[in-house]
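**Student:** Sequence:
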Amino acid sequence: MGEDRCTSLHKAAGNGHKDIVEVLLRNKANVDAVDENGWTPLHWAARCGYIEVAKALIENGADPLLKNKDGNIPRGLARNDIKKPLKDAEKEQLGATTRSFVVNCIIKCCCCSGTFCNRDGCS
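So for the sequence shown, my numbering puts the first residue at 3; every next one is plus one.
Calculated from the structure, these hints are not laboratory results. Careful, some of the hints might be misleading.
[Unchecked claim] Subject to a maximum C-alpha distance of 20 angstroms in a straight line, what follows is the list of computed SDA-like cross-link-like pairs (lysine to any residue):
#	residue 1	residue 2
1	K86	K71
2	K57	D72
3	K30	G63
4	K69	D90
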């Protein structure tokens, strides 16, 4: 990581090197690492229009909703040709968050016997 906190993954993503991005991800590079301006590799791929790189990052867990220091998510910086896949990833991320919330609520309301709780406790 350089002085600007820019990682090899940032550089590969920002230059459209999908093959290098994939190697770095297989070797456990932090997909959501931030540079000094709060940009993730996905911000760079989106800004530079590298749709295949952006897809690879998203498929490996990049969060499309992370904001940089200026408050921009990757789609806010993206070229037009890459905005739709980013919007789809955002919807998926939001859906996963909602599903996770619902599942956690259900789990918290379950008793050991597997029955659901009513207002007074387990029924």
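**Student:** All hints are to be evaluated individually against the structure, with a verdict given for each.
**Tutor:** So, going through the hints one by one against the coordinates:
This hinted pair does not check out: K86 and K71 have alpha carbons roughly 23 angstroms apart, beyond 20 angstroms. Note on K57 and D72: the hinted pairing is violated, with a Cα-Cα distance of about 23 angstroms set against a maximum of 20 angstroms. For the hint pairing K30 with G63, the CA-to-CA distance comes to about 11 angstroms; that is within 20 angstroms, so the pair holds. Using a Cα cut-off of 20 angstroms, the hinted pair K69 and D90 holds, with the two alpha carbons roughly 17 angstroms apart.
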